[in-house]
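Trainee: Listed here are the chains, written in short residue letters.
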Amino acid sequence: MAINNRLCDNLVSQIRLGCLLALLNLSAQANTSSPLHIRGMLDVQLQTQNDGSQSWLNDGASGLRFSDNDSALQLAQAGLDISYRLTPTLRAKSTLLAYTGDETEITATEAFLHYRPVPTGPWRQEWRVGMFHLPMSLENRGPLWSSPYSLNSSTINTWLGEEMRTIGAEGRWTLPGKFWDKNWDLAFIGSLYGYNDTAGTMLAWRGWAQHDRIAGVRSSYSIAPLPQVGPGGLFDSQKQRYEPFVETDHKPGYYFGSELALGERLARGRKLKLSYFYYNNRAKSTAVKGGQYGWRTRFQQLSAHWRVTNSVEILGQVLSGDTLMGAGPTTSIDADFWAAYALISKRWGPHRATLRWDRFEVEDLDQTPHDTNDEHGRSLMLGYSYNWGKGWKASLNLTRWQSERPGRHYIPGHPSRPLNTQQLQLSLRRYF
Amino acid sequence: MHINPRFSLALALIAPTVLSAQLNVSLGSNAGQTLPDLTGAVVYLISDDKALTAHMAETKAANASAEMAQHKLQFDPYIRVVQSGTPVSFPNKDDVAHHVYSFSPNHAFELELYKGRDVPEKHFSSPGVVNLGCNIHDWMQGYIYIVDTPWFSQVVNNSGTKDSAAKQNGQIAQIFDVPKGVYTLRFWHPGMDRKEAVNQTIDIQHDVQTVNLALSYTIKNSAQPLPPEEQFDDSSDY
Chain A
10 MAINNRLCDN LVSQIRLGCL LALLNLSAQA NTSSPLHIRG MLDVQLQTQN DGSQSWLNDG
70 ASGLRFSDND SALQLAQAGL DISYRLTPTL RAKSTLLAYT GDETEITATE AFLHYRPVPT
130 GPWRQEWRVG MFHLPMSLEN RGPLWSSPYS LNSSTINTWL GEEMRTIGAE GRWTLPGKFW
190 DKNWDLAFIG SLYGYNDTAG TMLAWRGWAQ HDRIAGVRSS YSIAPLPQVG PGGLFDSQKQ
250 RYEPFVETDH KPGYYFGSEL ALGERLARGR KLKLSYFYYN NRAKSTAVKG GQYGWRTRFQ
310 QLSAHWRVTN SVEILGQVLS GDTLMGAGPT TSIDADFWAA YALISKRWGP HRATLRWDRF
370 EVEDLDQTPH DTNDEHGRSL MLGYSYNWGK GWKASLNLTR WQSERPGRHY IPGHPSRPLN
430 TQQLQLSLRR YF
Chain B
49 MHINPRFSLA LALIAPTVLS AQLNVSLGSN AGQTLPDLTG AVVYLISDDK ALTAHMAETK
109 AANASAEMAQ HKLQFDPYIR VVQSGTPVSF PNKDDVAHHV YSFSPNHAFE LELYKGRDVP
169 EKHFSSPGVV NLGCNIHDWM QGYIYIVDTP WFSQVVNNSG TKDSAAKQNG QIAQIFDVPK
229 GVYTLRFWHP GMDRKEAVNQ TIDIQHDVQT VNLALSYTIK NSAQPLPPEE QFDDSSDY
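Chains A and B supply the protein sequences, listed in that same order. Note that the first sequence ends on residue 441 in the numbering used here; no numbers are left out. Note that the second sequence ends on residue 286 in the numbering used here; no numbers are left out.
In case anyone wonders, no lab produced these hints; they're calculated from the structure. Wrong hints could be hidden among the right ones.
The calculated lysine-lysine pairs, modelled on DSS-like cross-linking and capped at a C-alpha distance of 30 Å, are [claimed, not checked]:
{"hint": "1", "chain 1": "B", "residue 1": "Lys141", "chain 2": "A", "residue 2": "Lys187"}
{"hint": "2", "chain 1": "A", "residue 1": "Lys187", "chain 2": "B", "residue 2": "Lys243"}
{"hint": "3", "chain 1": "B", "residue 1": "Lys210", "chain 2": "B", "residue 2": "Lys243"}
{"hint": "4", "chain 1": "A", "residue 1": "Lys399", "chain 2": "B", "residue 2": "Lys163"}
Only a predicted model underlies this, so the values are computations on that prediction, with no experimental measurement involved.
The shape of chain A in the complex, shown without the other chains (with noise of 0.2 Å):
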């Protein structure tokens, strides 16, 4: 029966590929001056690793993305940015993505309105309804929340994809210098939404991640067989199936922030750019629904992009905060994380190479018997990418993965070895 019903769901998957690759052929046509604009993405990969580990996607233990056994031909992604204009001022938008491989899933990651009146004073207001990304991205600036630089995101940003969004409302006050006559632009940001209260949940099971799976609606990932996480465990309730995207206690959460871009203006932005956001939750930490908890998270996020001329970019990003799930010492999880980044980039003709290094961290704080959360790990992430023009780029990526988290020794038949992972990913795409 089981078997039957995977049959099924493998089914029904292949037919919306089927449809959503459909599409992308139908995007190609779309006229530019029509309400419709769609952009897509096609990314076909080869992909080979070195240590046998396997990934938080196939019951595993890796951050990474595919597993030691699985194919080397991947379908890694394709998707449809799609936005329609109801009025001069007012957008929907959605992203439609679909991934083969372990968790096969076509999904929705954003589905908002978009309202930019015109501005009738210096402030220029912005206004998001509905399901989107959190704003704090320095990386995720390509169709389907892509990365120009790499085939992964930072640890940063992958979680920010896999576990964070916005399902509710966001307002953006912005003052352009230009104005003003001023070299600077100054934004502030603010958000109200929900849904988002199991967030943490991965950074304390599995931990940090690098890849490029973005969660979306119904989206739900097997957690790796945890001896403290289900029925018989010490947190009985959760399901096996972890949701990122819950409400479990009507309570909202909101963040908010800052831009500030300064200095001249160069072929795709100023010189440099300057962020900072806070993030709560305030999920209640002892809420229970649906076979999910609550986790309350709250972080803070720092980055700079620092362009150096058109073509050498700089970025650094650092997000550091903390979990609470559960009440009492030693029945809850209680966790400090943190997580940094650098990455330069640079472009020659249609060449482009990047070189990012990344450190993060979780920090176990209760006294929890059986369920030890902390880790330690780094990344080294080299890549080249070509662009042929007219939509095509060829990319290759070499990962160097290293996390210690002792926490992996609970998944039967797992060594308590630390994951020291060297990942290469060759990759085709085809834009729209």
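Given the structure of chain A, go ahead and fit chain B onto it with the hints provided.
Mentor: Positioned in the frame of chain A, the structure of chain B alone reads:
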């Protein structure tokens, strides 16, 4: 700006009777600055003779029209000077939609400029700057400068030309068909501070007269912003 041929003919007939002249305004700096490219900067004359101004302005306005196009994701031209009341059209020469706006005092408006849609011309009645933007393409910046006089022109930059004679002229504006007499010469460019004004008195007595307008302050390089470089795998900050 398009000048109606009938208007040129009318001017030719009037010219001898009012002893009209040509004024060349050559730009320089008193602030020790090598001037940035001031192409499009506005130079105009104000006369104390209200009756003459009104007569000439009426004649000229009746035949004038102006265009502020959107072309290759920029305003074209960057700066346009018009006499108050002149109808200004905003043709969209791109394949994409534009949504042009201004919130400048006395000149607030917005125009949805989609392909194939008829958009009425705008009439700007009060003198001053109309600071233009596009709500879809944030980098787009342009200016319409409204003057209350029929005698105006815009600066041409000859410094990049290969013609050595023209090159010597540097940055120059030429105003034609000006009746001889005393005027106040004024100047405007987006790179000047809003508080800085030029009011230079000149007495036009010759058929062709050249004056040097030496700017006494530093002027910022306010060249027209270029559209961001297109990349299919990345979006820009603009």
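Trainee: Each hint needs a verdict: does it hold in this structure or not?
Mentor: Taking the hints in turn, this is what the structure says about them:
{"no.": "1", "hint": "B:Lys141 to A:Lys187", "in the structure": "holds, 24 Å"}
{"no.": "2", "hint": "A:Lys187 to B:Lys243", "in the structure": "holds, 17 Å"}
{"no.": "3", "hint": "B:Lys210 to B:Lys243", "in the structure": "violated, 36 Å"}
{"no.": "4", "hint": "A:Lys399 to B:Lys163", "in the structure": "holds, 25 Å"}
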